[in-house]
Each structure stands twice: as structure tokens, then as C-alpha cells.
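J.: In case you want the letters, here they are:
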Amino acid sequence: MSRRGFLALSGISLAGALAACAGESTSTTHLRLSSWNIPTDLETYQRIADEFVADHPGTSVSVEVTTGQFHQWFITRLAADLAPDIIRITPQQIGRYAANGSLVDLSGAIPADYADDYSEPFWAIGARENGVFGIFQHTDTFITFYHRDVMKQIGVTPPSSLDEAWRWDEFLQIAAEVKKVTGRYAFGFGWSGTQTAYRWLPIVYQNGGAFLGEDGQTPSMDTDEAIEALEFGRRWYADELVSTSNMCKSGGGDVSRNMFLTGQIGMMLNNPEPITQLDEEMPDQWGTTYMIRNTDEASDLGGNALAVTKSSKHPGLAAELVAYITSREKMVDFCHEGNWLPARASLDAADIDYAAHTDTMQQFIDQGARIPLSLVKAESGQYFSSLNTVFADYADLCFLGELSPSDASAQMMDAMRSVTAG
Amino acid sequence: MTTPSGIATRPTATTAADDDEPRRRSRSKAPYLFVGPAALLFLAFSLVPIVVAIGLAFQETATLGDGTWVGTDNFERLGSDPLFLTSLRNTLIFTVGTVPTAMVIGLALAVALNRPLPGRAVLRALFFVPMVAAGVVVGVIMSWIFNTDYGVANNLLGVVGLDRVPWLTSPQWAMFTLILVVVWTRVGFCMVIYLGALQSIPNELKEAAAIDGASRWQRFWSVTWPLLRPTTSILLILNVVFSLQAFDVIYVMTGGGPGFSTTVLIQYVFRAAFIDARMGYAAALGLVLVAILLLFTLLRQRATRKAEEVL
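Same order as they appear, the protein sequences are chains Z and G.
Just so we're aligned, residue 1462 is where the first sequence starts under our numbering, counting upward by one.
Just so we're aligned, residue 36 is where the second sequence starts under our numbering, counting upward by one.
What the hints contain is simulated information worked out from the structure, not anything from laboratory work.
Note that the Cβ used here is the ideal one computed from N, Cα and C, for glycine as well.
Possibly wrong hints are sitting among the right ones.
Partial list, computed: chain Z residues near chain G (C-beta under 10 Å) [stated by the list, open to error]:
hint : residue
1    : 1532
2    : 1706
3    : 1707
4    : 1864
From the derived model, a few chain Z residues whose C-beta atoms are all more than 10 Å from chain G [as the list claims (entries may be wrong)]:
hint : residue
5    : 1634
6    : 1641
7    : 1863
Modelling step: build the complete structure from the supplied sequences, incorporating the hints.
T.: Structure representation (C-alpha cells):
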């Protein structure tokens, strides 16, 4: 091939590659939906989207994967106006983007009675005074897993209803007994890295405290209730009930799950994710009961919402697809396939028809209904991504004993104020 | 040329030069064509972002949209930001801990492998493998190995009757563990570079020193080491750059914790930019990092030049 020929061919190939990068079909209205890299979910999203496309001739939908660190990924794509049309986003991530105009108001595309099938806390994840910027699709929360054998050895029958859930003092007494049986530690907490530090915040709410005030913006970790909660957390480590390798910032994934599987702990506070592995590695040897509580009840706010980004060239159609995916029928489909907990209040475990552990999944659903509105407002607020990191920093120092609970509270408040001051 | 053939060929040569003119002109463009794409990429992905980052450092910028000009406010805030000072201190400890250690071990390995040994090629490759492994992969594997409760490291200590070590869970141990891991990844690189330099030193010099009665240590210290100085200088700068940029292993293994004990400057830049969405402040932090690196490089170059003058 001649040099000119080579250059011409290279030019044509480059132009073709650039056109392909645009990823948009010229003959159809194309939407992109981005989700976490969970193969089952990606397949289900694509199947549901294909059904939507069948009802909407002239459209097409591709499901993509959200890669790397979320904020870095999303901010850079928004800045380049190349964000996907629809984004799967956690309650803790949505606040910043709902506040800064990165997400589109979905109010016009959803039926007027759409909110009726949602609890107030779950609807509040996406709803703001000036619109609805996301619809909660599925939830995820914490309950208590236990080794059946350990409970038998200490002669404890775990609670079978929410009203009987262990209070803090009772839980610590049981934990001390569990530690004697395991010979190592008593229980674990299902963090998996700094970005999940917020999973501990329900402990503050269980004691009547709050991370942020009623406005969802004013730091309030200096109340007696919040400091008592930090003291409670400190005891976990001071009494060696929990290993220091199981902390907010610990690397290596879900440490509590590994310790539960290796018998080094007899209980763990965690979400439904470990179930598959527990079934594989210790079938019939584990059970579940409800999340611990104190004066109040609260548990982790997990799960995801769907939102339409400002980069979308077809926000109306994208909002329609969001409404379609979060419809009652499709929510059942999605939760059944992915073993997720439904966000709609009218759905229970029997409706979802889980492949296994219907009772456990119902426990999760019931526990999720006790997540307080104030916790939702705090975690889905404008500054939460930064505040979560601040919480991780000082909770870590407090639990390790590097700072007293009151000092940790004071320093955390200073750092939180510097964030919320903008 | 005064030969007849030379005189005879002169007109022909002139004609040939005229014929070569377009080719010469084309050749004079060729370097630009070759350099052009790289220069374009450098311009788009390095120079322009650097200029934009300098501009950003003097602005208060939210996640999206235009910033507000705030002069030197971002730099003034650095002095009173405890996390900046902590991360600066941690960066210094991390750099001092990793750079000389990796270089000394790398040099020792290079000297050991610079002689006929069975399986020498395999050993060289094995030492170099950690350098090419992705930082995230190394971080995840090391998190497991150094887990206090079910990691291989503590199990091995248990086998020889030693107590468990809180490798990553104690503020006093975590930085040491990270340095250990990073040194492990870096040693192979230092070894390969030193090995190349050792093999370029003429044997005659060492032989002459040996004939003069120099001991093995004297031969190394007075002949080999001075000749390795340019390599050491380059390795030192590269290793300092690597250490200042070390992000992935720390992010995966400790997330900067426990507490702030392993939060380094580059992590704080990332946190300010993408967690706190303070792009202007992150740019200012980034410029401080660049300034430290520039200062270090200049000092190192000056020191090397002085040493060469002495020699």
C-alpha cells in the first residue's frame, strides 16, 4: 500500500471510529442507561428496556456500566455533556446532583398518584421542593445474621418480630457471650470501604440522635444522643467485640462477611448481599433476626434510584422509561431477578416470589419500612458525599480510641460545618 | 576537487541538487509530521489541562459551571487546613520510607544478579512482575494478606509463635505496611535499571582497581558507585515522582486510614476534587504537589552537577 493510501485509509478509519464513539443511531431516538456492573441487573434492565422499545417504535435503549469511582466518573461526563440519559444512583449520591441542576425534574412524566405507593422516606430520596429528581427503584437494609450453633450454645432465641428486636444493652450482653463461644470476637458490621461509612449512621438515629437537623443541612452530631451513640460504637472495639480490621475505612471488601464465614464472629449486622455465599459455604447453619435498636428504630438506607441527567437529549422519553422501569409490575420483575428489596410499599416478599429465603427477605422488607425520614433527608442531602467522608474520618478515630467520643463529636462538627458552609 | 572528473561532474551535481529540492523541502516537513500528532496530544491532554488547572487554583469552583475568581484564597487556606498539613507530613514519611529503601534493595539485587547464576533470567522477571501488576490488584491482594484476622502474614507469624500484628488496623502500623507493599512493587524496577547501568561499566576499570589491591568493597565504593551516580539520580527523581503519585494501593488498602494516618497529598487532591467537589482547592493542592516535585528535581540536579564537578 502506498503512503498516501495508508494515510487515506487511516483517516477514514479514524472518522469511522469517532462516529462509532458517538454511539447514537441516526435513524432512531436512542437512550443510554447506566448501572452498576452487576451482570444480572444489566440483563434485566436490557430486557425491560427492550419491552419499552417494543411499545415505542423508533426508539432504542442501550444499557451501560458505571465504571470506577462514581463521582469522578459522573462529574467528568456531566462536564463533557456526555452523561448517560438515565443513571442508577444511590440515595447518598443523589443529593449533590439534584441540587446543582445535573438531574432533570421527572414530575411531568410520572402519573400524579405515583407517590402513593411509596413510603414518605423512600419518596423523599428523589423528591425536592422544586421537583422529583429520582425515583427509588429498590432498597437494601441491614438486619442481624447469626450462627445458629452459637445461639444454641449461649441459649439465646433471637427475636422473631420487630417489636422484640434487641436493644443496645441486651445486644452487648449477648455479644459478650458470643465472644466467649467464638474465642475471638462477637460480631461484625457490613462496611465495605470508606464510601459506605454512612451505614453506621442508623445507630445514631436508634438513640434518638441525628446526623443532620430537620432541615437536612445543619450538623447535629454534638447532641448527647449522638455522643452516646459514638460511645456505644467505641465499646464495640474497646471490649474487643468487633475486630479493628472491621472499620469504616478497612480495605479488602466486606470484612464482616469473611469473619462470619470463618467462624471468628457469631453475628453480623449486614445487608442481603452475603446470602448467596452463606448458602454456598454454610447452608442451614445461619439465621437472621432484626436490626438492633435502642430508644428508636433505624437501619441502613441502601438501594438505588433512577434519575435522568441533564445531558439527555430526550429527557421526556428518558423520564418515561424511568417510570416504566419503576412501575409496580417491572419492580417485581427486577427485584425477583436480582434478589433486591422493592421500594414500593405495597410489595412484599410473596409478591416478589424470591427463589429462596422468603422469610428472611420479608424481614429485610419490614426492617426497611422503619428507616426514619430524617435519616433519609440527611443522607440524600446536597452535601452528604463530603459529610460521609468526614464521618468516616472521625468515627474511625473514635472507635480506635484515638479520640474520645466527645472530642470526636467536636472535631466532626467542625469539619461538617466547614463542608455545609460551602 | 581539482580532478577533471570533479570539474566535469559539477554541472551535473547542480542539476541533481535542483532535482532534490522538492524532496529536501518535503524532508524538512517530515519531522513536523512525525512530531505533530504527539505534540497535538500533549497540547490537548497535558499542556491545556495544566494551564486550566493553574487558572482553576485561583477560583472557587463548584462541580459544574464557571468559577469565581478568588485570587490566592485557596493557597492561603492551605496553611490553616489541618488535613493538608497532615497529608503533607504523611507524604513526606511515605516518600522517605519508600524511595531509599526500594533503591538500596534494588541495587543489592542488581549486584547479586549481575553475575552468572542458575535461573538468573527467571529471578529478574520475578522481581520485576510486581511493577507491572495493576495497583488496584496489588492493593486488594495485600489487603487480604495483611488482614489482621484472616491474613496470611499473621498466620505465618502464628506458625513461628509470634503475636498477630495489626498491619492495617493500627495508625502506628498502617503506614509501615503500605511502605512495605510499595517497596515490594518498586524494587524490581530499581533492580532492572541498576542492572542495565552495572552492565555498561567496563570490566577493565574494576580489574585495574583489583590489580592495584582494592578490596571488593573498595572496588564497589570507589569505582562502581560513582559510575552509577547518573542512574541513581534518575532513579531517585523517578521514585520520588512515583511516591508522590502513589494513590491506588493506598486508596484500596486503607482509604487513608485508620483515621488520617495514611492520607497522603494525592489522595487529598482526589478527595477535594471528586468527593468534596472543590475543584479550585483541589487544583491549588495539585500545584503544591507539582511545586514540591520541581523543587526537589532542581535541588537534585544541582547536587548531581556539583558532585560531577568534584569528580
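J.: Any hints this thing doesn't respect? Which numbers, in order?
T.: 7
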